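Novice: Just need the whole structure built from these sequences, with the hints factored in.
Protein chains: 4
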Amino acid sequence: MSLINISYRTNYLHTYFKTTAVIPDTNENNYRTLWLLHGYTGDDSAWIRHTNIEKLAREYNTAVIMPEARNAFYTDSNFIPYYSYFVDELIPKIQSLLPVSTHKRDTAIAGSSMGGYGALKIGFKNPKIFGKVAALSPITDIEHFRNNPSCPMAPETFDTIFDSPEKIKVNQPYNIFSENNSKQKVLTICGTDDYMYEDNLDFKNFMTEKLASNYTWKSVKGDHSWNTWTANIENVFKWIQ
Amino acid sequence: MSLINISYRTNYLHTYFKTTAVIPDTNENNYRTLWLLHGYTGDDSAWIRHTNIEKLAREYNTAVIMPEARNAFYTDSNFIPYYSYFVDELIPKIQSLLPVSTHKRDTAIAGSSMGGYGALKIGFKNPKIFGKVAALSPITDIEHFRNNPSCPMAPETFDTIFDSPEKIKVNQPYNIFSENNSKQKVLTICGTDDYMYEDNLDFKNFMTEKLASNYTWKSVKGDHSWNTWTANIENVFKWIQ
Amino acid sequence: MSLINISYRTNYLHTYFKTTAVIPDTNENNYRTLWLLHGYTGDDSAWIRHTNIEKLAREYNTAVIMPEARNAFYTDSNFIPYYSYFVDELIPKIQSLLPVSTHKRDTAIAGSSMGGYGALKIGFKNPKIFGKVAALSPITDIEHFRNNPSCPMAPETFDTIFDSPEKIKVNQPYNIFSENNSKQKVLTICGTDDYMYEDNLDFKNFMTEKLASNYTWKSVKGDHSWNTWTANIENVFKWIQ
Amino acid sequence: MSLINISYRTNYLHTYFKTTAVIPDTNENNYRTLWLLHGYTGDDSAWIRHTNIEKLAREYNTAVIMPEARNAFYTDSNFIPYYSYFVDELIPKIQSLLPVSTHKRDTAIAGSSMGGYGALKIGFKNPKIFGKVAALSPITDIEHFRNNPSCPMAPETFDTIFDSPEKIKVNQPYNIFSENNSKQKVLTICGTDDYMYEDNLDFKNFMTEKLASNYTWKSVKGDHSWNTWTANIENVFKWIQ
Numbered sequence: 007m008s009l010i011n012i013s014y015r016t017n018y019l020h021t022y023f024k025t026t027a028v029i030p031d032t033n034e035n036n037y038r039t040l041w042l043l044h045g046y047t048g049d050d051s052a053w054i055r056h057t058n059i060e061k062l063a064r065e066y067n068t069a070v071i072m073p074e075a076r077n078a079f080y081t082d083s084n085f086i087p088y089y090s091y092f093v094d095e096l097i098p099k100i101q102s103l104l105p106v107s108t109h110k111r112d113t114a115i116a117g118s119s120m121g122g123y124g125a126l127k128i129g130f131k132n133p134k135i136f137g138k139v140a141a142l143s144p145i146t147d148i149e150h151f152r153n154n155p156s157c158p159m160a161p162e163t164f165d166t167i168f169d170s171p172e173k174i175k176v177n178q179p180y181n182i183f184s185e186n187n188s189k190q191k192v193l194t195i196c197g198t199d200d201y202m203y204e205d206n207l208d209f210k211n212f213m214t215e216k217l218a219s220n221y222t223w224k225s226v227k228g229d230h231s232w233n234t235w236t237a238n239i240e241n242v243f244k245w246i247q
Numbered sequence: 007m008s009l010i011n012i013s014y015r016t017n018y019l020h021t022y023f024k025t026t027a028v029i030p031d032t033n034e035n036n037y038r039t040l041w042l043l044h045g046y047t048g049d050d051s052a053w054i055r056h057t058n059i060e061k062l063a064r065e066y067n068t069a070v071i072m073p074e075a076r077n078a079f080y081t082d083s084n085f086i087p088y089y090s091y092f093v094d095e096l097i098p099k100i101q102s103l104l105p106v107s108t109h110k111r112d113t114a115i116a117g118s119s120m121g122g123y124g125a126l127k128i129g130f131k132n133p134k135i136f137g138k139v140a141a142l143s144p145i146t147d148i149e150h151f152r153n154n155p156s157c158p159m160a161p162e163t164f165d166t167i168f169d170s171p172e173k174i175k176v177n178q179p180y181n182i183f184s185e186n187n188s189k190q191k192v193l194t195i196c197g198t199d200d201y202m203y204e205d206n207l208d209f210k211n212f213m214t215e216k217l218a219s220n221y222t223w224k225s226v227k228g229d230h231s232w233n234t235w236t237a238n239i240e241n242v243f244k245w246i247q
Numbered sequence: 007m008s009l010i011n012i013s014y015r016t017n018y019l020h021t022y023f024k025t026t027a028v029i030p031d032t033n034e035n036n037y038r039t040l041w042l043l044h045g046y047t048g049d050d051s052a053w054i055r056h057t058n059i060e061k062l063a064r065e066y067n068t069a070v071i072m073p074e075a076r077n078a079f080y081t082d083s084n085f086i087p088y089y090s091y092f093v094d095e096l097i098p099k100i101q102s103l104l105p106v107s108t109h110k111r112d113t114a115i116a117g118s119s120m121g122g123y124g125a126l127k128i129g130f131k132n133p134k135i136f137g138k139v140a141a142l143s144p145i146t147d148i149e150h151f152r153n154n155p156s157c158p159m160a161p162e163t164f165d166t167i168f169d170s171p172e173k174i175k176v177n178q179p180y181n182i183f184s185e186n187n188s189k190q191k192v193l194t195i196c197g198t199d200d201y202m203y204e205d206n207l208d209f210k211n212f213m214t215e216k217l218a219s220n221y222t223w224k225s226v227k228g229d230h231s232w233n234t235w236t237a238n239i240e241n242v243f244k245w246i247q
Numbered sequence: 007m008s009l010i011n012i013s014y015r016t017n018y019l020h021t022y023f024k025t026t027a028v029i030p031d032t033n034e035n036n037y038r039t040l041w042l043l044h045g046y047t048g049d050d051s052a053w054i055r056h057t058n059i060e061k062l063a064r065e066y067n068t069a070v071i072m073p074e075a076r077n078a079f080y081t082d083s084n085f086i087p088y089y090s091y092f093v094d095e096l097i098p099k100i101q102s103l104l105p106v107s108t109h110k111r112d113t114a115i116a117g118s119s120m121g122g123y124g125a126l127k128i129g130f131k132n133p134k135i136f137g138k139v140a141a142l143s144p145i146t147d148i149e150h151f152r153n154n155p156s157c158p159m160a161p162e163t164f165d166t167i168f169d170s171p172e173k174i175k176v177n178q179p180y181n182i183f184s185e186n187n188s189k190q191k192v193l194t195i196c197g198t199d200d201y202m203y204e205d206n207l208d209f210k211n212f213m214t215e216k217l218a219s220n221y222t223w224k225s226v227k228g229d230h231s232w233n234t235w236t237a238n239i240e241n242v243f244k245w246i247q
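Top to bottom, those sequences are chains Z, S, E and L. Heads up: the first sequence is residues 7 to 247, going by the numbering used here. Heads up: the second sequence is residues 7 to 247, going by the numbering used here. Heads up: the third sequence is residues 7 to 247, going by the numbering used here. Heads up: the fourth sequence is residues 7 to 247, going by the numbering used here.
Think of the hints as simulated: they come from the structure by calculation, not from any bench. Among the clues, some could well be false.
Same chains, same names: a pair is fine if it fits in one copy or spans any two.
Simulated pairs of lysine-lysine, DSS-like, Cα-Cα distance not exceeding 27 Å [said to hold, decoys possible]:
#: 1; residue 1: Lys189; residue 2: Lys224
#: 2; residue 1: Lys99; residue 2: Lys175
#: 3; residue 1: Lys99; residue 2: Lys110
#: 4; residue 1: Lys175; residue 2: Lys24
#: 5; residue 1: Lys173; residue 2: Lys227
#: 6; residue 1: Lys24; residue 2: Lys224
#: 7; residue 1: Lys61; residue 2: Lys24
#: 8; residue 1: Lys24; residue 2: Lys216
#: 9; residue 1: Lys227; residue 2: Lys131
#: 10; residue 1: Lys191; residue 2: Lys216
Note that this is a predicted model, so its numbers are computed, not measured.
Specialist: Given below as structure tokens:
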């Protein structure tokens, strides 16, 4: 098992961004690969520090790529073009550096909370790269999120990224899905005590109608915290096999 | 010699920011301390990777604190309140974690390029904390910097931080100095081939008039690059003794 | 919460050894401190990667210091004087660098497996430093360990460290305890499926007779693995309060 | 430019060993590769911290792999089978993880001091892997080194690795070369104030006779220190093009 930290000076973001990766020991050239995104306040070490990703990577023989996003919401903003960086620069860079899969059949994306939003967005917009998309407690409606009293992000910070009604609209997971109408397999998981559980139920209904058997929903015990994601991340590894 | 990396989840910035520190081996409680700021595109590892800071820290028995700033320009913006974080959260945090000086007599701040700007700004505004301020190739006029054809920062990115003429004005080093009128010792160094050399000469004239013998100017060979800062950072260690 | 990595060039070991530390956010000068030792094959990141130490450190407001030992068995050998390094160099170094307690009342040592052995040994021999000693699945009889068919360490590697019957004898936890006869509080925990469970029962009987109410024993479910230590490390944090 | 840290749990050494790598940005599959070894007291970060390896890697478009060796002298000992680990486990592991060359034409090995010894030894014994071997201030006679009053290594530590006259003999660079009689290109560099300069002259005479034009010798200014290696490492990058 190799734990790898990459500090890469990006041309898109004009500074160093980090990626943490876990690579199993079977010395393959193209590991089944899970891109795993952190939530608001996290960084590339979040999944390593909160859950036992290394054990799961070994048991499921899966490479795990955990990019740093800071609080950029996996979105292009005036401050940093994070989405473009992720898709146009980071993915090819990691594929050139590490023995990760380059085939959508063996490439999945997942995340929790803001990272769940990122997984839905990046996954839906790039069906040729990601064959499977999983989200734990995702933000499924960014406008509801902004206005939710439990939201950890200050509205004015949210507004620096999503700075117009139009920008909110095109960045809603519903609209991204409809725009691309991809036929990926999708899994969403949410705890019944999550403050965004109702939003997740709405999204479940939407996805069930759109994807039918390609969509899987899991309602679990738990709130919007690492306790829930720690207890359920293994479900994601199982589901992508 | 201890090389220390701190990853701290800040309440101001709502995510993890890193600080790299070098602490000598004389086991003191209050080392003479240099806060050393990186430039645009750098991070907390920049000075370690480009120059031999550890050797200088040992030879001059000085603790060196190198905070990560990303491209926040050491300034409060809508996106992140970096300046407030630095002064109100990071400085007390580091002083509570590491055996750095808490007396202005033994506390200096320095940096290169955008970090030189940060040193001038944070230093001038906090004369009770920093007894000495040194800047290598600093940005001394942020408006000239924005409009300079050699500027590495896109104007629209600059404008997300400095988003009005008033904000530019209050953040000009000249005005910050005049506002606070501190009587610290100040050193600026600039290479004659630097694309901001003229700006540095203007600033030299201003500071000479204001500070007289408390101000030191060094015109050196070199352009706006790590070659110049590597060749001249030892001058900063000498000057703060 | 600060996650800190220290790379320190030791005079005793003639190279860099690392220490990982977690420091809570209450900005104290002398945190209650737990020195937490890793087992065979581990390093200073083991406890961070396998368990949620940061959460426990925060909830119990305790600084946690996790030194790298490699496979040195917390023992002076011809190859490296690890025990002497730990006691004479590392402890004062960390106490000079970080806001850890220097009073035995607030200083505990713990570890699992080989780290449990290390905790018993370093704790028993230094009762003026460590007021409490806790061991999860410790090696309580190093000779039995060497000869146990489940032992992960090659006998010839064991023999490079413990290279004579006399050296084994003076390094047995029983003898170290009797030699120093300290009156610390001691906790040992072992899973009923551990291949050293019988050894731990013998040690329990010995400690019960010697320490009476100062000794606590917990027999738990589990084998000799991180599953057991992850499930029980919180007991150590509770017990040292 | 990517700066990569790999922490890999080795089956040979039964714990985690680190490797630091620098990979250029031209997204190749098989970069020209320099394996660069540290000296006594160093670790995998030594070359990064003391010299500007990243700049050289970029300018010469060369991947640089810097493995951690601790003080194992690149040699199999009772304590750790470091040489076997390096050749049989680390090289294939790195070749499976990173886009390094697997062709001897584009694969070189170099190092300074104990790392220079390691480069000569590993290079000479593996001519099918390494087409070029470079050594800065290498230890060319390990017995002289052991007995040299300037030697930084305690003789008793040396003797734990090289524990018989026979073991010293088979590990002398002269004998390793003669045993394998490889026809690689070899470069050695030594400063005239180095305390092993005489040994290096003897080695130069030996290599000149054996390799003729395949051997290059550079006598430079400097002593046995990073000043010399910093000033001359670029010569190695030039020579391997």
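Novice: Now, for every hint given, state plainly whether the structure supports it.
Specialist: Tested hints:
Proximity of Lys189 to Lys224 under the C-alpha cut-off of 27 Å is restricted to the intra-copy arrangement: shortest distance 19 Å within a copy versus 53 Å between copies. In this assembly of identical chains, Lys99 and Lys175 lie within 27 Å of each other by CA distance neither inside one copy nor across copies; the values are 30 Å within and 40 Å between. Taking CA atoms no more than 27 Å apart as the test, Lys99 paired with Lys110 passes in both settings, with 17 Å inside one copy and 25 Å between copies. Taking the shortest alpha-carbon separations for Lys175 and Lys24, neither the intra-copy value of 30 Å nor the inter-copy value of 34 Å comes in at or below 27 Å.
Taking the closest pair of Cα atoms, Lys173 and Lys227 never come within 27 Å of each other, the shortest separation being 33 Å inside a single copy and 49 Å across copies. For a Cα distance limit of 27 Å, the shortest separation of Lys24 from Lys224 qualifies neither inside one copy, at 31 Å, nor across copies, at 36 Å. Taking CA atoms no more than 27 Å apart as the test, Lys61 paired with Lys24 passes in both settings, with 22 Å inside one copy and 19 Å between copies. With identical chains, the CA atoms of Lys24 and Lys216 are never at most 27 Å apart, being 36 Å at best within one copy and 43 Å at best between copies.
In this homomeric assembly, Lys227 and Lys131 never come within 27 Å of each other (Cα to Cα): the closest approach is 30 Å inside a single copy and 47 Å across copies. Proximity of Lys191 and Lys216 under a CA criterion of 27 Å is satisfied intra-copy only: 11 Å inside one chain copy versus 62 Å between copies.
Comparing the model with each earlier hint shows violations of hints 2, 4, 5, 6, 8 and 9; every other hint is respected.
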